[in-house]
Amino acid sequence: MKVEQISIFIENKSGRLAEVTQALGESNVNIRALSLADTSDFGILRLIVDKTDLAKDALKERGFTVNKTVVVAVEVPDHPAGLASILTILDTGTVNVEYMYAFVERCGGNAVIIFRFDDPEAAIDILTRNNINVLEGERVYSM
Amino acid sequence: MIWNDEFETLPREAIEALQFKRLKQTLERVYATVPFYRNSFKQAGVTPADIRSLDDLRKIPFTYKQDMRDNYPYGLFAVPLDQIVRIHASSGTTGKPTVVGYTKRDIDMWSELMARSFAAAGATSTDVIHNSYGYGLFTGGLGAHYGAERLGASVIPMSGGNTQKQMLIMKDFGSTVITCTPSYSLYLAEALAEEGIDLSELKLRVGILGAEPWSEAMRAEIEAKLNIKAIDIYGLSEILGPGVAIECIEAQNGLHIWEDHFIPEIIDPSTGEVLPYGEKGELVITTITKEGIPMIRYRTRDITRILPEPCICGRTHVRLERLSGRTDDMLIIRGVNVFPSQIESVLCEIDGVEPHYQLIVDRDGNLDTLEVQVEVNEQVFSDEIKVMQALNNEIRKQIKDLLGITCKIRLVEPKTITRSEGKAQRVIDRR
Chain B
1 MKVEQISIFI
11 ENKSGRLAEV
21 TQALGESNVN
31 IRALSLADTS
41 DFGILRLIVD
51 KTDLAKDALK
61 ERGFTVNKTV
71 VVAVEVPDHP
81 AGLASILTIL
91 DTGTVNVEYM
101 YAFVERCGGN
111 AVIIFRFDDP
121 EAAIDILTRN
131 NINVLEGERV
141 YSM
Chain R
1 MIWNDEFETL
11 PREAIEALQF
21 KRLKQTLERV
31 YATVPFYRNS
41 FKQAGVTPAD
51 IRSLDDLRKI
61 PFTYKQDMRD
71 NYPYGLFAVP
81 LDQIVRIHAS
91 SGTTGKPTVV
101 GYTKRDIDMW
111 SELMARSFAA
121 AGATSTDVIH
131 NSYGYGLFTG
141 GLGAHYGAER
151 LGASVIPMSG
161 GNTQKQMLIM
171 KDFGSTVITC
181 TPSYSLYLAE
191 ALAEEGIDLS
201 ELKLRVGILG
211 AEPWSEAMRA
221 EIEAKLNIKA
231 IDIYGLSEIL
241 GPGVAIECIE
251 AQNGLHIWED
261 HFIPEIIDPS
271 TGEVLPYGEK
281 GELVITTITK
291 EGIPMIRYRT
301 RDITRILPEP
311 CICGRTHVRL
321 ERLSGRTDDM
331 LIIRGVNVFP
341 SQIESVLCEI
351 DGVEPHYQLI
361 VDRDGNLDTL
371 EVQVEVNEQV
381 FSDEIKVMQA
391 LNNEIRKQIK
401 DLLGITCKIR
411 LVEPKTITRS
421 EGKAQRVIDR
431 R
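Each protein sequence line maps, in turn, to chains B and R.
Residue numbers for the first sequence follow the numbering used here, so the first one is 1 and each next one is one higher.
Residue numbers for the second sequence follow the numbering used here, so the first one is 1 and each next one is one higher.
Worth flagging that the hints you see were computed from the coordinates, not collected in a lab.
All residues carry an ideal CB built from backbone N, CA and C; glycine is no exception.
Any given hint might turn out to be false.
[Unchecked claim] DSBU-like cross-link-like pairs, simulated, lysine-lysine; straight-line CA separation at most 30 angstroms: (1) R/280 - R/229; (2) B/60 - R/386; (3) B/68 - R/386; (4) R/203 - R/165; (5) R/386 - R/397; (6) B/51 - R/415; (7) B/13 - R/397; (8) B/2 - B/51; (9) R/65 - R/104; (10) R/408 - B/68; (11) R/225 - R/165; (12) R/65 - B/13; (13) R/408 - B/60; (14) R/400 - B/13; (15) R/408 - B/13; (16) B/13 - R/386.
[Unchecked claim] Output of the computed footprint for chain R on chain B, the stretches with three or more beta carbons under 8 angstroms from beta carbons of chain R: (17) 4-13; (18) 23-36.
Start from the sequences, fold in the hints, and give me the full structure.
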C-alpha cells in the first residue's frame, strides 16, 4: 500500500531542474507526479516515477543527492469537500501530514493525492478503516 | 611627537650599521641556543659567520608559522623558561596555537615600541587611552596597555565587548584615544548614534586601529563617523604583537616599521626571491633584539611593499604600504580570529555532515559577512524542508557558540565545492 518517492536536493541555480529531468529522460524514466519545495537557497524536488531505483541510480551518477522515502497515494473524491473529509479523518486519527501534492492522472473518477505522513503505517490503517482507497505502489507507477 | 628622537631619526647608514651588528648577534645566539635554527642553517649550508653584510641575510632560510606549530610550545624559545616573564599565544581553539614568550627585556622593548607608536599616532602623556583590544592570550590588550603606561598616558583597560559600558566610560572618563579593531570602531560609532550620544559629548580624537585588514574607504568613514584621526597600526604576535609598525599622524601614509628592532624584506611569495624596495610581495621580518623567541626571516604572509622615501614626520625608518591582504590561513571576521579548522571541527561534530565546506568572506557595508557553504550528502538530506532548515540552524548555532559570530549557512549540492589535490581552498575572501 506504500509508494516510493525519490527526493532530490537542488541548489537554487539555473539549469538544475533541467538536468534532473534530462537525466531521467535519458534513462527512459517517466515522471508520474512531482512537487518542488523551495527555500531561498535550495529546493527539494520530490518525484514519483515509473522506475524508482533506475531513476535514483541515474541521478546519483550525475552527482545529485537522492533519497528514497515512503509516501501514500490516496484516492480523493473529486468534488467539493472531498479532500477535507480525508483530512478530517486523518486529523481525528492524530496522524501528521508533512506535506502533500496532487497526482496529475485521475484514478477512475477520483483525484489522487500523494501524502507524506510522519507515520505511514498508522495513516494507511486509519484511511482503510474509513473506507478510503489507498493505491498500491505498482498501480501508481504505471498510471 | 617623536618618542625616541635618537633612534627614530637615525641616518640611513647608522640604521643599517646597527641592524647588521644586531643581526649578527641574533644569528649567533639562535645558532647556539635553538636546535631548530641550527638545523635549518646547516641544511642551507650556512653559518652565522657567512653573514658579512645585510644583503647576506637572504642566504638564511625562512621561518614559517608551521615551524612554530612543529616546535609547539617552547621549541623556538632561545632562553630557558625561567627567563621568560610573559607568554602569549595566538587563538586556535582546535588548531594548536602559536606560542610566544617574552623576557623582561622583551617586554621593555615592546613597551618602548608601543610608546613610540602611540606618540607617532599623536598621543601624549596627557591622553586618556581607552584600550579596547582584548586582554588575555591575545597580544593586543597587554601590548597596547604597557605602551600606554610607558608613554605616561592614563590607560583604561577596557578590553573588548560590552559596548554599553564602553560608551558610558568613554563619555564619563573623557577618553581621548581609542585602541581597537577598525570594524569595532565603526560598530561603536553606530552604537553611539543609536544611543543618542552626540560626538560633542566625547573627547575622542584619535583611533589606533589594527589587528585586521582595512581600507582607505573605511578610514574615511571611521574618521567622519567618530570625528577622529584613524591611524593604522600593524603587528603580529610571532614578531612581537602590536607596535611593529604604525602610521604617523603627520602623513597617514604608510606604516613606519621600527628598523632598529626589525629587518623587513619583501619577497616573491612563490619563489622566495627578495624584491627591491617599492615592489609588492610578501613581508618577511627578522627580529634583531628579541631575546625570548627571536624570529629569523619570518614569513608573515602579509602582502605589502616597502616605501623608502623620506617621510614628512622626520622619522627615517622605512614605511610599509597599507597591508593589502594576507595569504594566511587565519581570517579576521569582525575582529574575531577564525581558523577554517574551527569551522571544520564544528561540521565534523554534526552527525552525517562531511567536512566539504567553503567559507565566503565578504563585506556588506562595513560589516564583515561569513557564509559557510556545506555540501549536502545522503546522510543529512531529507525530503522535508523543516529537517533541512533544522540542520542549517544547528550548524549556525554551533559556529556561533564556538566563535561568537553569526554566519549564513548555505547548503550546496555535493561536489560543488572545488576539490584540490593539495591544500583545499577553504576560503574565498572578497573583502
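Practice item. For the pair supplied as a hint, residue 203 of chain R and residue 165 of chain R, confirm whether the alpha-carbon distance does not exceed 30 angstroms. Key: holds (16 angstroms)
Point to revise | residue 280 of chain R paired with residue 229 of chain R [C-alpha distance capped at 30 angstroms] | key: With a Cα-Cα distance of about 27 angstroms, the restraint between residue 280 of chain R and residue 229 of chain R holds, given a limit of 30 angstroms.
Review point. How does the coverage statement for the region 4-13 of chain B fare against chain R, requiring three or more residues with Cβ below 8 angstroms from a Cβ of that chain?
Key: holds (count 5)
Check your understanding: Do at least three Cβ atoms from the region 23-36 of chain B come closer than 8 angstroms to Cβ atoms of chain R?
Key -> Not satisfied, violated; 0 residues make the cut.
Check your understanding: Given the hint that residue 408 of chain R pairs with residue 13 of chain B, does the C-alpha gap stay at or below 30 angstroms?
Key -> At roughly 18 angstroms apart (the allowed maximum being 30 angstroms), residue 13 of chain B and residue 408 of chain R satisfy the hint.
Check your understanding: Can the restraint linking residue 65 of chain R and residue 104 of chain R be considered satisfied, given a maximum Cα separation of 30 angstroms?
Key -> Within the cut-off at roughly 24 angstroms; holds.
**Study point:** Holds or violated: residue 386 of chain R to residue 397 of chain R, with C-alpha atoms at most 30 angstroms apart
**Key:** Answer holds: residue 386 of chain R to residue 397 of chain R is near 16 angstroms, not above 30 angstroms.
Review point. Is residue 400 of chain R close enough to residue 13 of chain B, meaning Cα to Cα at most 30 angstroms?
Key: holds (28 angstroms)
Review point. Does the structure keep residue 13 of chain B and residue 386 of chain R at a Cα separation of 30 angstroms or less?
Key: holds (21 angstroms)
Exercise for review: Would you mind confirming whether the straight-line C-alpha gap from residue 2 of chain B to residue 51 of chain B stays at or under 30 angstroms?
Suggested key: Within the cut-off at roughly 15 angstroms; holds.
Check your understanding: Between residue 68 of chain B and residue 386 of chain R, does the CA-CA distance stay at or below 30 angstroms?
Key -> holds (17 angstroms)
Review point. CA of residue 408 of chain R to CA of residue 60 of chain B, is that 30 angstroms or under?
Key: holds (27 angstroms)
Going down the numbered hints, you'll see the structure goes against 12 and 18, while the others check out.
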